[in-house]
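Chains as they are written, first to last, in the numbering used here: chain Z, 1 to 428; chain R, 1 to 507.
Where hints are given, some of them may not hold.
Straight-line alpha carbon distances no greater than 25 Å define the calculated BS3-like cross-link-like pairs of lysine-lysine that follow [as the list claims (entries may be wrong)]:
id	chain 1	residue 1	chain 2	residue 2
1	Z	K41	Z	K404
2	R	K345	Z	K221
3	Z	K63	Z	K78
4	Z	K341	Z	K63
5	Z	K221	R	K471
Going by beta-carbon spacing under 10 Å, a handful of chain R positions derived as facing chain Z [what the hints assert, rightly or not]:
id	residue
6	S74
7	N77
8	N79
9	A82
10	A86
11	A113
12	Y117
13	H173
14	L420
15	V431
16	R472
17	S491
18	E492
19	L497
20	T500
21	V501
No wet-lab data here; the hints were simulated from the structure.
In this text, a Cβ means the ideal position worked out from N, Cα and C, and glycines have one as well.
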Amino acid sequence: MLQGISRRLFCSSLMAASTAAVPGGSWLHNLAAAGKSDTAKVQRVILLWLHGGPATIDLWDVKTDHENGGPSREIATKTPGLKFSDHFSRLANWSENCAVIRSMTTREGDHGRAVHLARTGYVPQAGIDFPDLGALVAHERFVPDAALPGFVSIAPPQRPAIANSGFLGNAAAPLVVGEMAKSIDDLTVRDLEPFAAWRTDDQRRRVDLLQEMNQEFLGGKPATKATEIGSATQRALRMMHPDVLAAFDLNQETGSTRDRYGRTVFGQGCLLARRLAERDVPFIEVSLGGWDTHSDNFNRVGSLARQVDDGFASLMQDLHDRGMLDSTLILCQGEFGRTPKINANTGRDHWPRAWAVMMAGGPNCRGQIVGSTSRDGTTVETQPHSVPNLIATVCANLGIDPMKQNASNVNRPIRVADPDAQVIEELV
Amino acid sequence: MKHTWTLAILLLLLAALPCSANEIAAQIDKQLNSLLPAGTAAAVPCDEATFLRRVSLDLIGRIPTAAEAQAFASRKNPNARAEVIAELANSPAAAQRLATFVRSLWFPQTSVAPYEYLAPDTEAWVAQQLRRGEPLNEIARQLISVSYAPQTGAGKNEALLSVPKTIIEANDHRPERMAANATGEFLGVDLSCAQCHDHPFHAWSQDQFWQTAAYFEPLKSGETAHDAWQKQTIAIPDTERTVSPALFTGESWSPDVALATAISGREVFAQWVSQQSNRYFARWTVNQLWAELLGEPLVTLHPEQFSPAAREQTLELLSHEFVKRRFDLRWLASTIVATQAYQAKSTANSGIESEYPFIQVRGLTGPQLFDSLSVAAGRPPIRTDLDSAETIVRRSDFVAAFPAYRTVDAQRSATQALALMNGPIVEQFCVPQSNPLVQGLAAAPFLSEEECVTSLFWSTLGRAPHDEEWKRLSQRGFLQEDADTRARRLSELFWVLINTVEFNTNH
């Protein structure tokens with residue numbers, strides 16, 4: 001909580017001062033001037049969040065000629081020189097629209113801290129309530145009268161582990177679909193429909209009276225907590241629209257489409273993400289847990305990766321068919337990688353020092369391999385990249401200035417991405 | 001003999017106490033009114049109905065019942081506000097509400113996973129202490145110094161709860177986290193930014209942080225020397241340095257030397273926090289309770305910001321009186337709510353440029369919202385000592401969906417708004433079968449539709465409908481004379497009223 005009476009004054013003067021030091025917009029302007037692509041072409045982001053720290057050494061950076069690779073095998077993709085794990089036989093067809101960053105390196109090896117870093121771009125700092133990337137995007141792409149919120153989180157693990165709007169407040173908060181979903185039937189939004197006994201009747205008289213009473217109560221008053229509560233109610237009322245209910249209704253898809261995505265929570269979550277992308281939700285995430293493979297790594301990674309392959313490849317296919325692939329950026333990542341050395345339980349432990357992220361879609365993913373790791377997979381050898389670099393790159397693709405400052409819950413503004421962030425040149 | 005003297009001194013002290021809550025409030029009004037624009041004598045007061053609703057939510061954590069609201073509206077006594085403050089502040093419900101404030105102030109981490117399991121016991125214990133009239137500094141001392149050792153039935157009195165080990169468990173038994181908790185949340189001094197390294201522009205150094213943490217290292221078992229805590233050391237991670245306990249203020253302070261046995265550094269630190277002359281504890285408490293009750297702190301805590309002198313003086317005055325009155329938290333709350341600043345109209349600041357601490361519109365905390373829904377539906381507020389487990393679980397499920405425990409933190413997401421409109425717990429409040437108010441009205445054929453609607457308004461909003469609202473109610477068919485559909489109609493109206501911004505804010 002921000003203390004102090006001169007909160008508004010303080011923030012505005014400080015913001016003005018810092019804007020003068022780093023002129024707003026110039027950062028993106030420089031990118032454009034450097035002949036980079038149309039930065040605002042990407043309209044939305046889909047994050048495939050692999051919770052628990054996926055063994056990226058068995059997914060996107062397989063070490064077949066080193067004992068650390070274990071039994072993992074590679075397959076060729078459509079892109080010469082770019083190979084994926086053999087679990088990704090369907091995704092391999094879409095390699096021309098993929099880019100693998102093999103040189104992610106961080107220092108956080110604890111799940112909580114690493115999740116915070118990976119999702120917000122900042123290491124945890126006492127008292128600062130950092131927002132997730134999803135909330136940052138929703139905040140930038142806020143449409144006041146949109147029926148759907150700007151950030152939808154599908155099948156996340158238990159909050160508050162992830163998915164937080166932080167100091168950006170509730171307008172940027174994720175709509176959660178199927179928190180900790182165990183089965184496909186759990187992929188629903190709670191409380192979207194009136195009480196069963198009232199459902200068949202006309203809702204208008206009570207909704208109209210409510211809106212009139214709120215309008216009168218709020219009328220002519222300055223923005224306060226009351227306004228915030230009033231607008232949350234308005235957003236909720238818009239979400240009760242039949243079109244929104246329809247957006248979440250997977251039964252409107254054919255059986256064969258649903259099969260194609262895989263009849264798993266993650267697969268159907270990806271299908272739901274596609275339906276929401278079609279309805280212009282700017283940030284959608286689908287979570288898949290179970291990647292904390294301290295034991296039995298290879299069997300578990302295999303079964304998880306096949307779920308990813310079905311959902312991810314189907315998503316690529318459908319976005320392509322709808323002409324949306326260039327305007328949709330897909331990120332597939334977790335909070336860190338896993339130890340290249342295989343432990344006594346045929347598992348892999350936490351390894352933040354060298355890991356990989358898969359990025360797909362958008363105008364800039366064209367089969368690139370960014371950076372490289374050592375033969376044994378333990379260290380990054382070329383082009384090391386931090387999480388802030390990744391976040392700055394995503395922002396640049398969306399046309400969001402990563403150096404933009406937001407008022408925070410502490411007495412200073414905080415930039416979208418860490419001030420030291422550098423964009424990944426190949427991907428903007 | 002000794003006791004007689006103590007008593008005599010106490011009596012003298014009591015006689016010397018200068019003024020009651022209201023007199024202190026009057027002094028505060030005088031100080032703060034200097035911040036109003038020239039030509040304005042005082043902030044415009046809110047009306048009586050708004051005042052009762054506001055002060056009930058703040059002191060006992062729920063809206064007034066229809067009967068309370070109507071009785072207050074008809075009081076003609078000029079002291080009515082002071083009387084109601086005294087009634088509410090002395091009720092057991094006030095101790096519970098203040099306990100929630102204290103728990104979330106001192107242990108904010110217990111409002112969320114994975115420490116939320118500690119919240120009920122911590123609050124129950126604090127509430128019991130407050131009901132027994134324990135001073136707040138003593139409550140703090142006990143919470144910070146609580147022993148690792150298991151407690152045996154809290155001594156002689158079996159009815160007393162044992163001191164919860166929240167400080168230990170909510171900080172994973174780690175000295176550095178306990179130290180950051182005890183300084184940050186009990187004193188409002190944030191040392192934790194210096195945990196990893198010195199910051200050039202921050203007041204505290206890394207050594208100071210770890211010297212504070214050294215107090216929280218447990219004593220070696222079997223230690224008997226009473227100064228053993230002083231020899232306790234802690235290693236600063238990633239450095240070669242080891243430090244001993246030292247106060248970050250630079251004071252060389254030692255505990256009461258009459259102690260016969262070994263005490264831990266944590267007990268020493270707890271004594272220092274709770275002693276009357278600690279210059280942080282009272283100020284921090286007063287400023288935070290002010291923020292809880294008016295929506296913003298009285299004085300900024302940021303070192304680079306300044307507050308007007310009148311606000312500083314008010315904080316000084318309140319802190320001084322709070323210490324003098326043995327850290328009586330109920331007295332403090334009653335005094336703050338007796339000020340003109342608190343009793344002002346929440347829109348009194350519109351169009352005025354002023355440093356006066358105008359009261360802000362606040363959201364309701366999760367517990368306030370649930371308990372107010374209960375009262376509005378004509379149910380008694382839930383009591384953890386009397387109600388069924390099922391009822392208590394329903395309340396905690398609801399609060400988990402509205403996890404705000406301080407009014408300053410209360411936000412509303414669309415998901416929460418949906419829960420309040422369509423959620424199963426709210427459905428239970430709305431449908432006639434489990435809404436005693438609607439059920440009663442529907443079964444009273446001698447009441448007109450207007451009377452029923454008026455009753456619903458008093459129960460939920462603490463007022464009668466105004467002319468414009470009567471017109472709307474009529475247009476929307478809520479005044480239809482049809483006995484068969486009355487229950488349903490009143491249910492729907494109840495739904496409307498509890499979903500209004502008016503119901504969901506403390507304004």
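Cross-check of the supplied hints:
{"no.": "1", "hint": "Z/K41 <-> Z/K404", "verdict": "holds (19 Å)"}
{"no.": "2", "hint": "R/K345 <-> Z/K221", "verdict": "holds (12 Å)"}
{"no.": "3", "hint": "Z/K63 <-> Z/K78", "verdict": "holds (20 Å)"}
{"no.": "4", "hint": "Z/K341 <-> Z/K63", "verdict": "holds (11 Å)"}
{"no.": "5", "hint": "Z/K221 <-> R/K471", "verdict": "holds (23 Å)"}
{"no.": "6", "hint": "S74", "verdict": "violated (25 Å)"}
{"no.": "7", "hint": "N77", "verdict": "violated (29 Å)"}
{"no.": "8", "hint": "N79", "verdict": "violated (30 Å)"}
{"no.": "9", "hint": "A82", "verdict": "violated (28 Å)"}
{"no.": "10", "hint": "A86", "verdict": "violated (28 Å)"}
{"no.": "11", "hint": "A113", "verdict": "holds (6 Å)"}
{"no.": "12", "hint": "Y117", "verdict": "violated (14 Å)"}
{"no.": "13", "hint": "H173", "verdict": "violated (17 Å)"}
{"no.": "14", "hint": "L420", "verdict": "holds (8 Å)"}
{"no.": "15", "hint": "V431", "verdict": "holds (7 Å)"}
{"no.": "16", "hint": "R472", "verdict": "holds (6 Å)"}
{"no.": "17", "hint": "S491", "verdict": "holds (9 Å)"}
{"no.": "18", "hint": "E492", "verdict": "holds (5 Å)"}
{"no.": "19", "hint": "L497", "verdict": "holds (8 Å)"}
{"no.": "20", "hint": "T500", "verdict": "holds (5 Å)"}
{"no.": "21", "hint": "V501", "verdict": "holds (5 Å)"}
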